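One-letter residues, chain by chain:
Number of protein chains: 2
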Amino acid sequence: MLRQVKDPGVDCDFELHVSSQVDTVLLQATKINMTSQKSDSAMSPKITGELLRQLRQAMKNCKYFSEPIQAYIVPSGDAHQSEYIAPCDCRREFICGFNGSAGTAIITEQHAAMWTDGRYFLQASQQMDNNWTLMKMGLKETPSQEDWLISILPENSKVGVDPWIIAADQWKNMSHALTSAGHSLVAVQDNLIDVVWMDRPERPSTQLRHLGLDYTGVSWQDKIIALRAKMTKRKVTWFVATALDEIAWLFNLRGADIEYNPVFFAYAIVGMNSIRLFVDLKRLSDPTLRDHLQLDSPCKPEMSIHTYPYESVFTELQAICAAHSPKDKVWISDKASCALTQVIPKAHRTPIPYTPLCLAKAVKNSTEIQGMKMAHIKDAAALCELFAWLEKEIPKGTVTEISAADKAEELRSQQKDFVGLSFPTISSVGPNGAIIHYRPLPETNRTLSLNEVYLIDSGAQYVDGTTDVTRTSHFGTPSAYEKECFTYVLKGHIAVSAAVFPNGTKGHLLDSFARAALWESGLDYLHGTGHGVGCFLNVHEGPCGISYKTFADEPLEAGMIVSDEPGYYEDGSFGIRIENVVLVVPAKPKYNYRNRGSLTFEPLTLVPIQVKMMNTELLSQKERDWVNEYHRNCLEVVGAELERQGRKAGLEWLIRETQPIV
Amino acid sequence: MLRQVKDPGVDCDFELHVSSQVDTVLLQATKINMTSQKSDSAMSPKITGELLRQLRQAMKNCKYFSEPIQAYIVPSGDAHQSEYIAPCDCRREFICGFNGSAGTAIITEQHAAMWTDGRYFLQASQQMDNNWTLMKMGLKETPSQEDWLISILPENSKVGVDPWIIAADQWKNMSHALTSAGHSLVAVQDNLIDVVWMDRPERPSTQLRHLGLDYTGVSWQDKIIALRAKMTKRKVTWFVATALDEIAWLFNLRGADIEYNPVFFAYAIVGMNSIRLFVDLKRLSDPTLRDHLQLDSPCKPEMSIHTYPYESVFTELQAICAAHSPKDKVWISDKASCALTQVIPKAHRTPIPYTPLCLAKAVKNSTEIQGMKMAHIKDAAALCELFAWLEKEIPKGTVTEISAADKAEELRSQQKDFVGLSFPTISSVGPNGAIIHYRPLPETNRTLSLNEVYLIDSGAQYVDGTTDVTRTSHFGTPSAYEKECFTYVLKGHIAVSAAVFPNGTKGHLLDSFARAALWESGLDYLHGTGHGVGCFLNVHEGPCGISYKTFADEPLEAGMIVSDEPGYYEDGSFGIRIENVVLVVPAKPKYNYRNRGSLTFEPLTLVPIQVKMMNTELLSQKERDWVNEYHRNCLEVVGAELERQGRKAGLEWLIRETQPIV
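Chains as they are written, first to last, in the UniProt record's numbering: chain U, 1 to 662; chain L, 1 to 662.
Misleading hints may appear alongside valid ones.
Copies of one chain are not kept apart here, so a pair can be met inside one copy or by any two copies together.
Calculated cross-link-like contacts (lysine-lysine; reagent style DSBU-like; alpha-carbon spacing at most 35 angstroms) [said to hold, decoys possible]:
no. : residue 1 : residue 2
1   : Lys63     : Lys346
2   : Lys588    : Lys549
3   : Lys483    : Lys140
4   : Lys140    : Lys235
5   : Lys346    : Lys140
6   : Lys588    : Lys136
7   : Lys346    : Lys588
8   : Lys329    : Lys223
Just so you know, these hints were derived from the structure itself, not from any lab.
In this text, all values refer to a predicted model and were calculated from it rather than measured experimentally.
Working from the sequences, and respecting the hints, build out all of it.
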């Protein structure tokens with residue numbers, strides 16, 4: 001699935017294309033994350049007059065601050081800078097009605113404005129009532145949040161924001177802009193949206209699941225040891241973990257607090273002799289879980305986990321910083337919340353773009369790789385069944401985008417160790433396929449037919465791994481143009497998948513390989529080519545990726561897992577994307593320059609790519625060989641699984657779809 | 001020629017490769033610029049004891065500052081951040097003896113240390129006496145300049161530097177580090193090296209040459225109008241030009257103050273109603289020059305150039321800033337000197353990575369393109385003659401790297417409007433070819449033979465254009481391995497040259513195309529693939545380029561001119577590089593996605609690429625077609641020129657070398 005991340009520094013897919021020649025701004029992005037989108041009411045505006053009145057009252061209420069504030073900023077996002085957020089954190093949606101994944105609301109005494117990007121102009125205008133001004137980001141006439149605030153605020157204004165929701169670097173920029181215009185940015189400890197949000201959902205506190213060595217390959221104790229070794233090497237005495245997937249990975253725990261992401265709300269602080277875990281303590285009552293964390297059995301003091309309530313991370317970090325030498329260095333992600341970052345005195349603070357956990361998590365060990373392979377085989381078996389079913393059912397005219405997505409979920413859920421989907425299925429027919437971030441809704445739901453291209457981008461969480469695969473198919477006869485475009489996309493997919501490159505190469509250097517065939521014909525796609533994939537964790541993870549946008553990606557290493565998903569989108573007509581999850585593996589080319597070693601990719605996804613959609617004359621012999629070898633492998637590996645599961649329809653389909661190209 | 005630039009932010013070729021897997025540091029760079037290297041004494045250490053004694057005395061002499069300084073920093077470079085510098089600016093070389101292109105000397109009361117990178121460890125150790133400590137940059141044990149200073153300075157020390165030589169951003173970093181350790185960085189207005197440099201050469205003040213519309217295509221008046229239009233658009237009221245090539249380009253003037261670069265020492269300040277040119281006023285006595293600049297003829301006041309002595313830029317800029325509204329915005333390059341940058345009050349200052357002149361200069365107009373084409377045809381004619389001569393002379397055993405370079409210069413100098421070389425010729429045989437920044441010296445000079453690969457990277461300044469071309473040849477029978485490597489490099493060269501890409505694409509996205517064939521065989525080269533080329537200006541210019549290092553390059557546009565120069569270097573054995581200068585031109589592929597338009601390259605360099613070095617079996621049909629079409633074009637265009645010039649040997653060679661591959 002295409003990635004979208006909030007931090008523009010790491011976001012490879014939400015892109016602002018400025019063509020210097022024509023001086024126009026093409027704004028394009030790749031995926032939507034409507035965390036709490038309700039299909040029935042998605043497109044009717046929310047009535048916000050009363051809410052805004054209450055919020056403005058709170059902005060003057062000295063219970064929350066020493067002096068009233070003149071403006072209040074409501075960013076998207078939670079205190080962990082999660083890509084997907086829990087319902088209790090959908091504060092921007094609550095106040096303005098707009099439920100897209102990206103947007104910032106600002107409320108002043110007189111105005112209410114919401115900034116979002118080109119993906120969401122239409123949706124936001126439909127979901128917000130006329131108390132709100134839609135600020136269309138990327139258009140020349142649209143002011144930045146800072147400029148707008150400065151233009152409308154009275155002198156010496158105070159602008160409030162919840163310091164837990166805003167990242168440290170964003171705070172810095174906003175504060176700098178406001179200060180130099182005579183205003184100030186103030187941290188409001190009580191979230192003012194929560195003050196007026198009467199029926200705000202509880203923060204989820206789902207059951208925790210612990211994973212044994214057969215799934216993780218490395219115990220949490222050994223992960224702590226490895227982390228401390230890195231800290232020692234860099235003379236760092238404390239590490240504050242704020243990203244939910246890093247904490248889940250570190251302790252070999254999983255939760256279900258956020259849909260699609262098997263994580264749980266927590267913080268952790270690891271010192272050289274102590275481990276602190278901040279989490280709703282009620283969740284730690286299960287004896288096997290307590291045993292997993294060794295909470296009751298005496299062990300070496302430096303390996304004892306001290307548990308604290310989730311909310312106490314602030315005071316505890318404060319206490320740590322107060323008690324220790326000013327020479328102690330503290331590692332914290334530069335994307336952590338402003339609130340937590342600022343607890344650490346500047347002299348101690350060492351913000352890092354990627355934490356040691358993020359880096360360690362990205363390089364999968366052999367157990368995780370084995371698990372990911374197993375998950376992908378099961379996932380492929382389910383998809384073979386799906387495609388066989390689609391072939392049978394589509395001619396009846398009864399399959400819709402939604403029912404196809406539901407069928408995919410049903411078939412996946414029959415697979416062993418299935419936990420849930422890894423993201424909302426993108427199931428799109430014909431023109432809907434050209435909407436890159438499409439998600440079928442009742443009012444847009446199209447019926448699959450023999451006349452239109454069908455794109456399905458879907459994936460699941462299994463206890464042994466996470467999947468993410470896109471296939472584009474035609475169940476009748478594709479047009480020559482559809483086949484031509486599909487073939488260019490396939491050539492790009494193969495160019496990345498088969499690329500050999502030196503150790504230490506960053507993913508962004510491979511992005512143009514995915515585009516060369518499209519470019520040669522004057523085509524392109526306006527999203528990145530790949531994202532990191534977690535192992536029974538978030539389907540999008542750092543620090544690696546493949547994108548033309550050169551964010552601070554880390555070099556690819558053997559054991560990393562990324563997606564390879566070039567596409568082509570013809571507005572109003574069709575969309576094509578071919579996505580495999582691929583594993584970075586050592587390559588053994590003829591030479592070995594400076595003993596650097598080489599890498600290449602091994603596809604983990606093993607679902608046939610529809611030959612009917614290919615114009616095989618446009619493929620080189622090497623590309624045809626790649627397709628045949630890939631299909632041979634699909635047949636061998638997934639065929640055995642389908643046979644084992646007794647899934648005849650899927651197996652027949654697989655056999656037919658993996659016939660070699662000649 | 002390969003580019004080396006001082007500013008690491010823009011330098012695509014001086015690279016620090018850190019392989020995350022093996023944790024070793026490979027330090028590699030591409031070109032040397034021994035501005036004042038004397039072949040006779042290059043490798044004997046300079047005796048510096050007395051000089052250091054005098055310098056240390058100056059460091060205590062309160063004539064130069066209110067309080068003595070404890071350390072003095074001597075960077076490489078001049079006040080314009082030029083890539084090549086004049087002899088009077090070789091202060092770091094003067095004080096320590098080391099004459100490589102990159103290095104910073106720091107002298108304290110007790111110590112003298114010089115930082116340089118892996119290219120220069122050997123050379124620096126040979127050129128410096130034992131008063132100096134060589135600081136090997138890139139090695140783990142080597143401290144940074146800041147860390148070293150902090151470790152040895154007594155408390156509350158003052159570290160001096162000439163603010164004209166240090167760029168604003170470098171000052172900021174150094175000052176920050178020193179301040180946070182309780183020291184301070186102070187600007188010493190009198191350069192202390194100049195104080196002790198008795199026979200320091202004069203600043204050059206060569207004759208200025210003005211170029212008419214037949215060479216420049218646009219009058220300086222129209223360039224001023226275009227600049228002011230950009231300033232108006234961005235609400236900027238002043239622009240300070242500090243880069244010598246930008247000033248030369250703006251006024252359609254050329255000088256010869258710096259070897260290889262047809263520039264002259266000057267500054268310019270352009271306001272909305274005034275133009276100030278700061279230059280040695282003696283240079284403006286020539287009546288035709290005065291006429292060109294309209295210095296005496298009354299013209300519209302806003303188009304009158306007011307001339308000032310070179311040195312008065314500081315006081316004049318001060319006066320401007322004092323006289324104008326604090327809302328006036330001043331544009332200055334972020335690479336300008338600290339001294340000049342800090343004259344502008346912070347509220348006025350708008351530092352920019354690429355000035356409007358740099359951007360405008362990069363996009364050549366049709367007259368410049370025509371001139372560049374002419375220059376490359378003449379240059380190719382000279383090189384055809386050279387290769388014909390080499391073929392004849394090499395078997396006699398009398399041709400050396402130096403004599404071949406001399407012959408190339410002689411033949412070029414016979415061409416119309418020849419001015420000089422555009423950089424020191426890299427003429428290298430066998431193992432010398434693997435030294436990427438090689439320049440032949442008497443002690444390294446090898447004889448060309450029938451047994452070794454010969455690489456020549458050379459170029460010239462003509463009044464109508466600048467050239468830069470690398471050819472790699474074998475005059476006997478190349479080995480299969482040499483041919484194989486050459487062919488991979490050629491495949492990379494073609495992949496870039498023939499690439500079609502969307503308007504707005506940045507050059508760094510094309511870099512991997514140049515490497516794919518090498519990577520596939522486990523090979524690579526540790527430098528960038530291309531740099532911008534000036535038109536009768538610097539052979540290296542911004543803001544575009546092609547490199548795996550993602551510096552802030554500007555998108556490629558039709559009319560830009562860059563080099564395409566992949567290579568392969570086998571240490572101790574041979575070097576291969578194939579370099580053409582190429583023009584960005586519109587491409588017309590089958591489709592036109594979102595009306596963005598497409599671009600490709602047209603080679604300006606028209607010198608045959610040696611077929612003998614190719615393993616044509618490794619080439620695809622498309623690549624063979626490219627070679628044949630390129631050679632057909634060389635034969636047609638350069639053949640006509642050689643015929644016109646009556647150069648039979650060259651013509652015969654050209655005809656032979658452009659036979660189609662079958």
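Evaluated hints:
For the identical chains of this complex, lysine 63 and lysine 346 are intra-copy neighbours only, at 29 angstroms inside a copy versus 39 angstroms across copies, given an alpha-carbon limit of 35 angstroms. Proximity of lysine 588 to lysine 549 under the C-alpha cut-off of 35 angstroms is found in both arrangements, the shortest distances being 29 angstroms within a copy and 25 angstroms between copies. When the C-alpha separation of lysine 483 and lysine 140 is checked against a cutoff of 35 angstroms, the pair qualifies neither within a copy, at 38 angstroms, nor between copies, at 54 angstroms. With identical chains, the CA atoms of lysine 140 and lysine 235 are at most 35 angstroms apart between copies only, with a shortest distance of 15 angstroms across copies and 47 angstroms within one.
Taking the closest pair of Cα atoms, lysine 346 and lysine 140 come within 35 angstroms of each other only across two copies (26 angstroms); inside a single copy the shortest separation is 37 angstroms, beyond that limit. Taking the shortest Cα distances, lysine 588 and lysine 136 sit within 35 angstroms of each other only across copies (33 angstroms), while inside one copy they are farther apart (50 angstroms). In this assembly of identical chains, lysine 346 and lysine 588 lie within 35 angstroms of each other by CA distance neither inside one copy nor across copies; the values are 47 angstroms within and 55 angstroms between. Taking the closest pair of Cα atoms, lysine 329 and lysine 223 come within 35 angstroms of each other only inside a single copy of the chain (20 angstroms); across copies the shortest separation is 53 angstroms, beyond that limit.
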